[in-house]
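Asker: The lines below spell out each chain.
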Amino acid sequence: MGNGKIRILIAKPGLDGHDRGVKVVARALRDAGFEVIYTGLHQTPEMIVNSAIQEDVDAIGLSILSGAHNTLFPRILELLRQRGAEDIVVFAGGIIPEEDVAPLKQAGIAEIFTPGTSLQAIVDWVRQHVSPRGVKA
Amino acid sequence: MVTQARRPTVPRETLSGIPLKVVYRPEDVAELDYGRDLGDPGAYPFTRGIHPDMYRGRLWTMRQFAGFGTAEDANRRFHYLLQMGQTGLSVAFDMPTLMGYDSDHPRALGEVGREGVAIDSLADMEILLDDIPLDQVTTSMTINAPANVLLAMYVAVADRRGIPRERIGGTTQTDMLKEFIAQKEWIVPPRASMKLIQDMLVFGARELPRWNIISISGYHMREAGATAVQELAFTLADGIAYVQAGIDAGLEVDEFAPRLSFFFDCHVDFFEEIAKFRAARRMWARIMRERFGARNPRSWWLRFHTQTAGVSLTAQQPLNNVARVALQALAAVLGGTQSLHTNSMDETYALPTEEAVTVALRTQQIIAYESGVAAVADPLGGAYFVEALTAEVERQAWEYIRRIDDLGGMVAAVEAGFPQREIAEAAYRYQQQLERQEKVIVGVNAFAQAEERPIEILRIPPDVERRQVERTRRVRAQRDQVRTLAALARLREVAQAGGNTMYAIVDAVKAEATLGEICDVLRHVYGEYREMAVI
Chain E
711 MGNGKIRILI AKPGLDGHDR GVKVVARALR DAGFEVIYTG LHQTPEMIVN
761 SAIQEDVDAI GLSILSGAHN TLFPRILELL RQRGAEDIVV FAGGIIPEED
811 VAPLKQAGIA EIFTPGTSLQ AIVDWVRQHV SPRGVKA
Chain Z
6 MVTQARRPTV PRETLSGIPL KVVYRPEDVA ELDYGRDLGD PGAYPFTRGI
56 HPDMYRGRLW TMRQFAGFGT AEDANRRFHY LLQMGQTGLS VAFDMPTLMG
106 YDSDHPRALG EVGREGVAID SLADMEILLD DIPLDQVTTS MTINAPANVL
156 LAMYVAVADR RGIPRERIGG TTQTDMLKEF IAQKEWIVPP RASMKLIQDM
206 LVFGARELPR WNIISISGYH MREAGATAVQ ELAFTLADGI AYVQAGIDAG
256 LEVDEFAPRL SFFFDCHVDF FEEIAKFRAA RRMWARIMRE RFGARNPRSW
306 WLRFHTQTAG VSLTAQQPLN NVARVALQAL AAVLGGTQSL HTNSMDETYA
356 LPTEEAVTVA LRTQQIIAYE SGVAAVADPL GGAYFVEALT AEVERQAWEY
406 IRRIDDLGGM VAAVEAGFPQ REIAEAAYRY QQQLERQEKV IVGVNAFAQA
456 EERPIEILRI PPDVERRQVE RTRRVRAQRD QVRTLAALAR LREVAQAGGN
506 TMYAIVDAVK AEATLGEICD VLRHVYGEYR EMAVI
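If you read the protein sequences in the order shown, they are chains E and Z. The first sequence begins at 711 in the working numbering and counts up by one. The second sequence begins at 6 in the working numbering and counts up by one.
Pulled out of the complex, with its shape left as it was, chain E reads as follows (with noise of 0.2 Å):
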């Protein structure tokens, strides 16, 4: 990615189709200069981190409505420790209770973001925590 622009996966892991949120953002992410790549529907997490990877992205953005969460996230955060890829950036916006926000965190999910967060403050916040992953040897 010699030019230095962030790359971003954006995916909708579990069963859940709504898929509204993550289009938005997708596309919000998109118009702010960023290079977007949207998985579709219906992602595993061994689909996730296949494509993030073979995308090299620097960072995955997880939307989930479901409830499933607290199986799903952790699931994609040890698949990528497994492909050494744990520096690939990740955050996720949902219905997430509060009480799961810490331990998700804490699981290395570095921010969540709930509903009525606008579209400005989650691309403030990946200028801010997000940077290129560089050339890999």
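For the record, the hints were derived by calculation from the structure and aren't laboratory data. You may find that some hints are simply not true.
[Claimed, not checked] In silico DMTMM-like pairs for lysine to aspartate or glutamate, Cα to Cα no more than 25 Å straight-line:
1) Lys-815(E) / Glu-457(Z)
2) Lys-200(Z) / Asp-525(Z)
3) Lys-444(Z) / Asp-834(E)
4) Lys-444(Z) / Asp-741(E)
5) Lys-815(E) / Asp-468(Z)
[Stated by the list, open to error] Covered by chain E, according to a simulated footprint, are these stretches of chain Z (three or more residues, beta-carbon under 8 Å):
6) 101 to 108
7) 113 to 121
8) 224 to 235
9) 314 to 328
10) 352 to 366
11) 425 to 437
All C-beta atoms in this analysis are idealised placements derived from N, C-alpha and C, irrespective of residue type, glycine included.
Starting from the known structure of chain E, fit chain Z onto it as the hints suggest.
Answerer: Chain Z in isolation, oriented as in the chain E frame:
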């Protein structure tokens, strides 16, 4: 979210962007003809309601959508809601069930019983309906891609209990077009889905005179970001496609059209929603009579269920949601709904607690029995503003329906991604308006508070998945395998030969084939749908 210091302004257009005048006068409704455009309640074109006496004759059904965990958990909540005075059941299924996977499928991991109840086999359905009088309570099942399987299970439970099929009443959602457009829980591609729906329509017309086979739903499209006009237009265009499908399956329009029902969202713009409901009735009556030549007045009726707008609820200051839901529920009643689900204040966090769902039900009871609004049919009929807005919503919706007709109807429009794109555009536009504070959500982009008191939320017991998986495996281990496999093989033959799959699915369910096994046969015969992901 940054707290806005300045006070927002009062909106000058509807939530969907229809400009509003400061006052409406007789000239705004100069073209309105009472007999042609309104009619009395109970008279064509039913703008003012489908019944002459409206809620005096029969109150709307208070139907709270519920379901979580295992069949035992959901059955307990149903009995609680019936005790509290609810008059009909409404079942929410979990994600694996909606997608046609059994609870032990790898893709079900972490999802079992979370957003609804897990139903894998007839054994689960028996427990779900335990002690529910199926000939007295009507049951609405929010199920689409595997609606045929869940309906077959319901029928099988009734058969086992000796309740005649003609006495069971309820609704399966079965609206796959809006799944491809908005809710996005699917199994087979659009045209195969339409074929399976045709099989259900024929089965329903022959076997289940009190069952609404399809609930043509705008709700999910609205929640996905559609405007009121888009919700109305796309829903009616979906309805046109289903009526055509029934006719193409060899049914007379009046044989099945009276059993079609609708499901709309009720969002927060009070008058726009009322206008939408009134326009919907007028448009559907004309579509059925003029376009399809239906002669039975019941075919002209647009009967509908309403749910208040989940998307309008805020995580911030959640008690404010009680006020939003009350306004939305009032609009649905003034719009003439036949049944109503009021959302609970805590649903941006999780499924509702018992306390929250009780407040939501009480909200309906206050509207019904205290407010007085149920006494008079279409109390806003004739109001200059309401009639002008009804006409404008209708005009814009016809424009969309014409565009969809030009694309070759809704199935072709869905395959081309037309409604999907229109809705995604509207959702993005709305979000930008929120960012600029051109639209206001109290407690979020205006009047925000830094400190929030956390509310109590429902937690799904952690052993739900294990208990459910165990039961499904036990069913598979203990059943008569030869009988099950023969029933599945028969279903495959029928599907491949283009026959009516519904009868074979009822037989497979009775032979204890699981939901996932039956859907696997359908996946094998028809292929699996994959969406072209676009942002």
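Asker: Now tell me if each hint is right for this structure.
Answerer: Now the hints, each set against the structure:
1. In summary, the hint linking Lys-815(E) to Glu-457(Z) is supported, as the alpha carbons are separated by about 20 Å, within the 25 Å threshold.
2. For the hint pairing Lys-200(Z) with Asp-525(Z), the CA-to-CA distance comes to about 17 Å; that is within 25 Å, so the pair holds.
3. This hinted pair checks out: Lys-444(Z) and Asp-834(E) have alpha carbons roughly 22 Å apart, not beyond 25 Å.
4. Between Lys-444(Z) and Asp-741(E) the alpha-carbon distance is near 21 Å, which keeps this suggested pair within the 25 Å criterion.
5. A threshold of 25 Å between alpha carbons decides the hint, and for Lys-815(E) with Asp-468(Z) the separation of about 24 Å falls inside it, so the pair holds.
6. Evaluation of the coverage hint for the segment 101 to 108 of chain Z: fulfilled, as 4 residues show C-beta separations to chain E shorter than 8 Å, against a requirement of three.
7. Counting residues of the segment 113 to 121 of chain Z whose CB lies closer than 8 Å to any CB of chain E gives 6, which reaches the minimum of 3, so the coverage claim holds.
8. By the rule of at least three residues with a Cβ nearer than 8 Å to a Cβ of chain E, the coverage given for the segment 224 to 235 of chain Z holds, with 3 such residues.
9. With 4 residues having a Cβ less than 8 Å from any Cβ of chain E, the segment 314 to 328 of chain Z passes the three-residue criterion, so the hint holds.
10. Taking a C-beta to C-beta cut-off of 8 Å, the segment 352 to 366 of chain Z contributes 3 residues in contact with chain E, enough for the three needed, and the coverage statement holds.
11. Only when three residues or more bring their CB closer than 8 Å to a CB of chain E does the claim for the segment 425 to 437 of chain Z stand; here the count is 5, and the claim holds.
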